[in-house]
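Sequences and hints are given; from them, build the entire structure.
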Amino acid sequence: MPGQDSAPVCVLCRRRLAEDPWQPFCSERCRLQDLARWVDGAYRVAGEAVDEPDPSEADASEDAE
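Take 0 as the starting number for the sequence shown in numbering that gives the first Met the number 0 and just add one per residue.
These are computed hints drawn from the structure, not numbers from a lab. Among the clues, some could well be false.
[Said to hold, decoys possible] If you anchor each label on the Cβ, the simulated ranges turn out as follows: (1) Val49 with Arg28: 25 to 35 Å; (2) Pro20 with Glu56: 38 to 48 Å; (3) Trp37 with Ala6: 23 to 33 Å; (4) Cys12 with Val38: 10 to 20 Å; (5) Ser55 with Ala17: 49 to 59 Å; (6) Arg14 with Ser55: 46 to 56 Å.
A virtual CB, placed ideally from N, CA and C, is assigned to each residue, including glycine.
If you want it as structure tokens, here you go:
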């Protein structure tokens, strides 16, 4: 589109990127905030939920062998 600025922006705070070291983020702060969102569960990968086995059931089956 005419008039659109194609300068890259930080994916978290939308500031223009001045340097490449933290790309696609503008700073270490934005990079760490994004990581924290993944760890806290704010971001999720789309798809069907997967039932994880109960660890106590896995221990019981190992003891039976």
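Structure versus earlier hints, numbers of those that do not hold, lowest first: The structure conflicts with no hint, since it agrees with every one listed earlier.
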